[in-house]
Amino acid sequence: MDRRSLLSVAGISLAAPSLIVPTLVRAQPRPFVYHSVNAFSGPFAVSGKYSDLGVRAALKAFGNDLGRAIDYRRIDTEGNPAIAVRKVQQAIGQDQARHFGGAALSNEALAIMKEIGQAGGVYLTYVGADEVTGRDCNRSTFRWSLPTYGAVHTVLQPLLQQNPKWKRIYTITGQYVFGEALLRNAKAVMQPQGVQHIGNSYHALAEKEFSGYLGNAMSSGADVLLVLNFGANTLDLLRQAAAFGIKRRMAVVVVWFSGLDTFQALGADVTEGMYFGLQYWHGQDTPGNRAFLKVFREEFKENPRFYSAADYQIAMLMFDAVRRAGSDTPAELVKALENHRYEGLTGEEEIRAFDHQVVKNYLLVRGKGKAAMKDADDYADILSTTRAVVPQAASDCKMTPA
Amino acid sequence: MNIYLFQALNGLGVGMVYFLLSVGLSIIFGLLGVVNFAHGALFLVGAYAAMSVGGATGSFVAGLLASFVVVALIGLLGERLLLRHTYGMPHEAQILITVGLAFVLTEAVVLLFGPEPRQVPVPEGLAGVLMLGAYPVPIYRVFVAGVCALIGAALWLLFERTLFGARVRAGNESARMLSLLGIRVKRVYALTFALGAGLAGLAGGLAAPLRGADPAMGAEAVVIAFVVVVLGGIGSFSGPLVGGLLIGITQSMMSTLWPEGARLAIFLLMAATLLFLPKGLFGRV
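Protein chains in written order, with numbering that gives the first Met the number 0: chain P, 0 to 401; chain C, 0 to 284.
If we strip away everything but chain P, and leave its shape as in the complex, we get:
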């Protein structure tokens, strides 16, 4: 476990009175300990690198509002759920840790949320697996990102309405729980719109060579290639799709895209003209995002990536809940978070009480050409923002009442 204490607000504020009354022994308020769980090393270290910046931005933005120090500690999962569980158990057992945030990978989050739930802690995450606020929901866990239902509806519905000539869709889907959920939701959107799903190629998580699947898409005569995977799979697939000139044959729509980091990894030549669904984009003009950008750019002299934004948001939610509750007791924090409405990064956001899912905007953007980019990070135009969440009646979450 890596430990970082970045603020000693209480220490500073209490130093002055102690000089005036030196004979009195003053008890220092116990610092609030926040554990950020992420892959800070290993193949997914990129998420940890940027999530760390996000938490540090939140510490800076929150300043002294808590009236006590915030002790920020990092738990390095190495991108491995087994290691994540072991280290979280260790933190709970040895350090009495109860306040957690983060995890970029769904399998890690699903594993540790059970541990934190059993220990009666509080955990905020932003992974995509539907189960987090669906079948596996628990009282301790909150999720900021919209899951697959919202992503698919936000991206596909407006595009199909605006492009009535799109009648045939071919999908390439990651054969894992997340990909299956995207595919299931995509089919549900296509059917009522009279759009034909003419074929699908599943691929493995470890797949790097997508040319064969792209051949299938090209031979299908589809109007749209719908990409239903994430991370490195999406990067490899899009890079190869552009090389094969797919964009000249059909529209390319990516339902779930990380954001600035992945635009940078591909370059505008690849992403130009493609459609993407995003949880966060630094170019969105909202009061919450303006405040975040100000702090982040001052601190790090760059634009935030998705992981920075997400970790900033969940850390801010946690710190703010402690402030509003006047306590860091997990039960009090859960109460403070439920039904909480706030100015979030994507506009006004609200945490549903019945499944602990944040209702927030999801963005549909289109990749820009190099010539149209106003600055080095101006990769996309926002086409629309929509908040679509699974209605309570259709939710798989059966939360045990407190």
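To be clear, the hints were calculated from the coordinates, so they are not data collected in a lab.
Check before you lean on any hint, since a few could be wrong.
Said to hold, decoys possible - Okay, the calculated bits of chain P under chain C, using three or more residues with CB under 8 Å as the criterion:
id: 1; stretch: 64-71
id: 2; stretch: 197-207
id: 3; stretch: 211-219
id: 4; stretch: 264-276
id: 5; stretch: 323-329
The structure displayed is predicted, hence computed values, not measured ones.
Here a beta-carbon is modelled for each residue, glycine too, at the ideal position from N, C-alpha and C.
Following the hints, put chain C in place on chain P, whose structure we already have.
Just chain C, lined up with the frame of chain P:
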């Protein structure tokens, strides 16, 4: 053009890259008996060397040369400083050392370049597609397949028609006899390891515009390299060529026949080979 013909041709191109990726592994094991688990990391370093030098000089060819030279030098150093001391030891020692080397190289790349995946542009003259009937094929993929074929031919000439090649082949049969004939076997070992490493680096340099450069690419590459070598036969030159082509074509054809099983199929092929031909198709060890 029929989709299956397209997939077969596409598989040939993919297979040539797999050949180049794995031939160094096969050569190293054939002569030195070293199971080189750092092979994927050498591929990774090659990609980053090509990206850096190509980016700094604006020359794609300079980047490719750098991918070979830099990684060959790393291989040479690794052999002289580390592996040379393990030749008399059981394989476990070499596995531990090469796995350690892989970690060091990967983390060094992360330290120098950061954990983010990087874009490596296709050289301007090789951008665009060729049409095979209704199917586009990227010109760069055709170029890579051609370069791999040329390298394969050059390697064949090196091993079959030169004194160095004769020494490597002789060393493969009996290093002790080679030494008794007055040949400096240690030098042959070092040069062979450097050549094998350099080929992994060159494969990384060629693959970078196809797949970008990212710190995780080595781990995936070493898996494919081992599958190809096990299938083709450890220690032979023709093994990786046939193995690479078989894997490439199988993977590509299965993408149409049974997409969800495309990756599984290459491992099934390897398992079947191990079961019925434990030495691989052309194995000598």
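Evaluation of the provided hints:
Three residues within the 8 Å Cβ limit are the bar, and the stretch 64-71 of chain P against chain C gives 0, so the coverage statement is violated. Restraint check on the stretch 197-207 of chain P versus chain C: 8 residues with Cβ-Cβ distances below 8 Å, three needed, restraint holds. With a cut-off of 8 Å between beta carbons, the stretch 211-219 of chain P has 6 residues touching chain C; three or more are needed, and the interface restraint holds. A count of 5 residues in the stretch 264-276 of chain P with a Cβ less than 8 Å from any Cβ of chain C is obtained; the coverage claim is therefore met, three being the minimum.
Three residues within the 8 Å Cβ limit are the bar, and the stretch 323-329 of chain P against chain C gives 0, so the coverage statement is violated.
This entry does not satisfy hints 1, 5, going by the numbered hints stated previously.
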